[in-house]
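All chains should be modelled from the sequences, with the hints used to inform the complete structure.
Chain by chain, the residues run as shown.
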Amino acid sequence: MENSLDPALPLLEVRGISKSFGAVRALQEVDFTLRAGEIHALLGENGAGKSTLIKVVTGVFARDAGIVRLGGEEVAPRSAKAALQAGIATVYQEVNLLPNLSVAQNLFLDRQPMRFGIVREGEMRRRATALLADFGLDIDVAAPLGNYSVAIQHVTAIARAVDLSARVLILDEPTASLDRHEVEILFGIMRKLAGRGIGIVFVSHFLDQVYEISDRITALRNGRLVGERETASLPRLELIRMMLGRELAETTSARAATREHQAREVCASFENYGKAGYVAPFSLELRHGEVVGLAGLLGSGRTETARLVFGAERADRGQARVEGAAVRLQSPRDGVRHGFGYCPEERKTDGIVAELSVRENIVLALQAKRGLHRPLSRREQDEIARRYIKMLDIRPPDPERPVGLLSGGNQQKVLLARWLATSPRLLVLDEPTRGIDVGAHAEIIRLIRELCDDGLSLLVISSELDEIVTYSDRVVVLRDRAHVEELAGEAIDVGNILAAIAADGGGAAHEGHA
Amino acid sequence: MKGLPPVLITAIVLVAGFALCAMQFPNIASTRVVGNLLTDNAFLGIVATGMTFVIISGGIDLSVGSVIGFTTVFVALAIERWGVPPLVAFVAILALSAAFGAAMGAVIHVFDLPPFIVTLAGMFLARGASFLLSTESVPITAPIYSTVSDFALRMPGGGRLTAIAIIMLVIVIGGALLLHLTRFGANVYALGGSRTTASLMGVAVGKMTIKIYMLSSLLAGIAGIVFSFYTSAGYSLSAVGVELDSIAAVVIGGTLLTGGQGSVIGTFLGVLIQGLIQTYINFDGTLSSWWTKIATGVLLFAFIALQQGLVALARRPVAKRVGAAS
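Chains as they are written, first to last, in my numbering: chain A, 6 to 519; chain F, -15 to 310.
Bear in mind the hints are in silico, worked out from the structure with no lab data behind them.
Do not take every clue at face value.
[Claimed, not checked] For the chain F half of the interface with chain A, some residues (derived, Cβ under 8 Å), not all of them:
1. A87
2. A90
3. T166
4. A170
5. N171
6. A174
7. S178
8. T181
9. L184
10. M185
11. G186
12. Q245
13. W274
[Stated by the list, open to error] Simulated pairs of lysine-lysine, DSS-like, Cα-Cα distance not exceeding 27 Å:
14. K195(F) with K86(A)
15. K191(F) with K86(A)
16. K60(A) with K197(A)
17. K191(F) with K60(A)
Even for Gly, the Cβ is constructed at its ideal location relative to N, Cα and C.
Next up, the structure:
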């Protein structure tokens, strides 16, 4: 590969790691190299395999294949604790410390200084204060950790990890809940630790921060390694293409013929719609028989837009209209009442009820819409389930099978069926093709087009740009929780979307494709 | 209100309650009444100390009342029927109850079962076993019993600090030291904060769970012996519902029922408050003793509401921060 960089001895070497969960291949032959004293960004969209890679390296998941070497020696930790003892520490976004214990106890839990079986509280506090002073923190270490901000909790977690003689520090989205000033403090600490020879893996979806702090970038996509580059010589557009796109030449030609859409009636419209601190006000028109794609990086506000549209989150400004009439969307119930449907991204936790049968899952939304005092008879339920199993080709075609036993693609179809049964006018799909195999993938895309031909209005989120390009009539591009561009007709291609996403990278925006 | 620890509120309630009772019945404010109060509630104080550890660690132990009942029957039979020397009987029952607790802790950890269910099973098991031993009350006449009952330290004002009250005070103080000064104590809080996180941070969660339930059952065994001193008899129906009284004492003492926060001292104050209510009812003479339960119930509600308020107050700024940042 392009691994002819400087010959500094690698601190952490990951070679040929593979990991599957059932039929889903989460990681395939992934390599990763971390040098001592560098800050190495690990990037990729949701489902790219970042978390899985971290969990395999730290022993939370057992790996199917591959080796991990730390300082030249092969290691195979069986648990996070074993990894920590070997010198690999991880600090997660949701801090894994105990908010009910004091800062000092958190730093020294299970290794407190003792005398005659009694914890030397004073000595422990002195050491804790000294340790945190090294990280630029001057706080009361006797107070409960939960009293402090997330930033201080992060620093405490890092201090504990480093004090446990960590040589490799993995920071998983450490800045997600920090403000600008706190991020600066954290970066200062990261640079200082790197200066001491600790290798730092920085996982983040904030590209500005990645460019600010990292020496090197490794990008993953769909469980595979895309490449490892020096940050300084990697244009932003190129990076985004590594994370999102496939080869441009392949995809632009795959775009289906654009259909006329101007003449279609508006199904729902949102004027200056938004919520402070959630997503910036946007205006969006959704027409019957039209697919609108939402494109952008993870955290750009795609899911947030979808949730506002459906009513899962309450807007604090703007006006929503359905078929021209002003409406208020205060809750998912309102959304359902106005004929909206929403298939969320986290199918397993937010969508299907795994223990219930296919039939019960399909009639769920329709029954909720009708209300409890108008139950669907068993015959009606069977009829509906049969119809959609046939229409969407759900396999196996057994309405009584628990949904949890179906494959990802078929679970997605059950979710679709649930909303279709309510005869919606607008369907919001968040990453409908995530985690399902290639065959089902194509089928879902075909379904999206068919539904649209039947007059349904669709709002679809996807990280797969070529997929969005294939089925969208219009594409809204988001960046930093705001709608920044709307592409329609011939303007829809992967290059234009990438350019719009990367636009705030200044000069780097257009140099990548000409 | 914020920053005032719940245990301080418990202390204020106790002092205020004591002052009110003393205003109505001046005799209450005497070392004699206080000494009796400590003696009458000695077994409850001991068992509630163990319950404090369990609840702070995020668990619950419903078996303690039954363990007390079993202990009294076992001790009475061993001494009176089987001719075992009292001290040997004590050691045997303490070993037995500690093993019983350890077994419950092991089941909770290994099979990842809710403590509520496991200790509920333990409760039926221990109560059933005590009926198996004897269904009738067995009086204990061993000399050690009269010696211990007669022993008391004279307090100024004529009050008597009995042997069992002293045992209780020693255990409360010992428990407080164990909880607040040792690594074991810190780990108890860690478990109550989050078992997963504590395990990630290196705490041996399995061993800790076993030790905590072992401690609770051991203290229930001691409470059983103390109870047998108090009544000079062993009876399989003794101490029914004591597990609930002790949970009430723990919660009134400011320990969070969800775990992670609390203190042994608070529990001790909670026991005293329940004892004070009982004493007041005795002094009044016209009230049914069930008023103790009603008053305890009202207090429980008040304290749970108070804790929820404090927890909400403590969480508010954090929630705000995160909301603003995301």
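Each hint, compared with the structure:
A distance limit of 8 Å between C-beta atoms decides the matter here; for A87(F) the minimum to chain A is near 25 Å, and the interface restraint is violated. The criterion of a C-beta within 8 Å of any C-beta in chain A is not met by A90(F), whose closest approach is roughly 21 Å, and the hint is violated. For the restraint placing T166(F) at the interface with chain A, the shortest Cβ-Cβ distance is roughly 6 Å, inside the 8 Å limit, so the hint holds. Using the Cβ-Cβ criterion of 8 Å, the hint placing A170(F) at the interface with chain A is satisfied: the shortest such distance is roughly 5 Å.
A distance limit of 8 Å between C-beta atoms decides the matter here; for N171(F) the minimum to chain A is near 7 Å, and the interface restraint holds. With its C-beta approaching chain A no nearer than about 5 Å, A174(F) sits inside the 8 Å limit, and its interface hint holds. At a threshold of 8 Å, the smallest CB-CB gap from S178(F) to chain A is about 6 Å, leaving the interface hint in force. Checking T181(F) against chain A: minimum C-beta separation of about 5 Å stays under 8 Å; hint holds.
At its closest, the beta carbon of L184(F) sits 5 Å from a beta carbon of chain A; the interface hint therefore holds under the 8 Å criterion. Contact between M185(F) and chain A, as hinted, is supported at the beta carbon level, the nearest pair being about 5 Å apart and thus within 8 Å. For G186(F), the interface hint holds, the least distance from its beta-carbon to any beta-carbon of chain A being 4 Å, beneath 8 Å. Because the closest C-beta pair between Q245(F) and chain A is about 6 Å apart, less than 8 Å, the hint holds.
For the restraint placing W274(F) at the interface with chain A, the shortest Cβ-Cβ distance is roughly 37 Å, beyond the 8 Å limit, so the hint is violated. Pair hint K195(F) plus K86(A) holds up; C-alpha atoms about 22 Å apart against a cutoff of 27 Å. Between K191(F) and K86(A), the direct Cα distance comes to roughly 16 Å. Compliance with the 27 Å bound is thereby established for this hinted pair. This hinted pair checks out: K60(A) and K197(A) have alpha carbons roughly 26 Å apart, not beyond 27 Å.
Restraint check for K191(F) and K60(A): the C-alpha separation of about 26 Å stays at or below 27 Å, so the hint holds.
The structure shown violates the earlier hints numbered 1, 2, 13.
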